[in-house]
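Asker: Throw the hints in and build the complete structure from the sequences for me.
If you read the sequence shown in my numbering, its first letter stands for residue 3, the second for the next number, and so on.
Misleading hints may appear alongside valid ones.
Distance ranges between label pairs, derived from CB positions [said to hold, decoys possible]:
| no. | residue 1 | residue 2 | range |
| --- | --- | --- | --- |
| 1 | Q103 | N59 | 20 to 26 Å |
| 2 | L149 | L49 | 36 to 42 Å |
| 3 | D191 | L142 | 36 to 42 Å |
| 4 | A70 | N24 | 34 to 40 Å |
| 5 | A186 | L47 | 17 to 23 Å |
These are calculated hints, taken from the structure and not from any lab test.
Glycine included, every Cβ here is placed at the ideal spot set by N, Cα and C.
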Amino acid sequence: NGSLMARWTSASTVHTSVVDDNGSGCAITASSGYGSGEMAPGTGLWLNNCLGEIELNRRGLDAGPPGARLPSNMAPSVARRDGAILAVGSPGADRITTALQQFLLNYLQLGMPLAAAVAHPRVHVDTSGEKVILKAEPGLDLPDVDLPVAMFPDIVMYFGGVGAAVFDQRHGFGVAADPRREGAVLIPDA
Numbered sequence: 003n004g005s006l007m008a009r010w011t012s013a014s015t016v017h018t019s020v021v022d023d024n025g026s027g028c029a030i031t032a033s034s035g036y037g038s039g040e041m042a043p044g045t046g047l048w049l050n051n052c053l054g055e056i057e058l059n060r061r062g063l064d065a066g067p068p069g070a071r072l073p074s075n076m077a078p079s080v081a082r083r084d085g086a087i088l089a090v091g092s093p094g095a096d097r098i099t100t101a102l103q104q105f106l107l108n109y110l111q112l113g114m115p116l117a118a119a120v121a122h123p124r125v126h127v128d129t130s131g132e133k134v135i136l137k138a139e140p141g142l143d144l145p146d147v148d149l150p151v152a153m154f155p156d157i158v159m160y161f162g163g164v165g166a167a168v169f170d171q172r173h174g175f176g177v178a179a180d181p182r183r184e185g186a187v188l189i190p191d192a
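Answerer: Spelled out as structure tokens, the structure:
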């Protein structure tokens with residue numbers, strides 16, 4: 003009905019990863035930003051407010067020059083290696099890139115199984131406030147750093163919501179949805 007007020011704290015980004023056994027992959031991250039509070043009449047679709055992301059535009063959402071490309075945290079990705087196809091992405095505002103980097107390190111470099119790499123504890127350097135703070139989930143062996151550290155008691159939505167799908171000829175399909183958020187996975191019957 004268009005009367006719902008936008009909330010600055012709303013979780014408003016979703017991600018879908020899809021691969022097939024022909025080597026095609028698609029990763030889509032979509033966001034309504036923090037929401038405009040307006041609905042396109044007769045469509046049921048909320049309009050976004052994505053004129054920039056607050057955490058990337060410290061001078062204000064209208065500070066950029068006209069016609070300039072807007073920065074974004076969204077990073078849906080598709081990768082190929084040795085005949086395998088991987089599609090991956092995440093919601094999570096300024097934690098998107100750190101969530102994806104940690105997933106890719108764990109999966110591609112350290113060889114963790116897909117679901118374990120998605121669920122592995124995460125860390126994020128938060129530069130949004132007065133002080134830079136290292137935020138972390140339990141289960142990580144953190145080195146001593148010259149920063150305040152905020153340890154979360156459990157894995158939480160704050161650290162993103164990686165969704166990944168992979169296919170390779172030797173192992174078939176693999177899918178994983180982050181336990182930090184509501185998500186689902188499906189491998190349809192052939």
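Asker: Next step is simple, just say for each hint if it's right about the structure.
Answerer: A quick look at each hint next to the structure:
{"no.": "1", "hint": "Q103 to N59: 20 to 26 Å", "verdict": "holds, 22 Å"}
{"no.": "2", "hint": "L149 to L49: 36 to 42 Å", "verdict": "holds, 39 Å"}
{"no.": "3", "hint": "D191 to L142: 36 to 42 Å", "verdict": "holds, 38 Å"}
{"no.": "4", "hint": "A70 to N24: 34 to 40 Å", "verdict": "holds, 38 Å"}
{"no.": "5", "hint": "A186 to L47: 17 to 23 Å", "verdict": "holds, 22 Å"}
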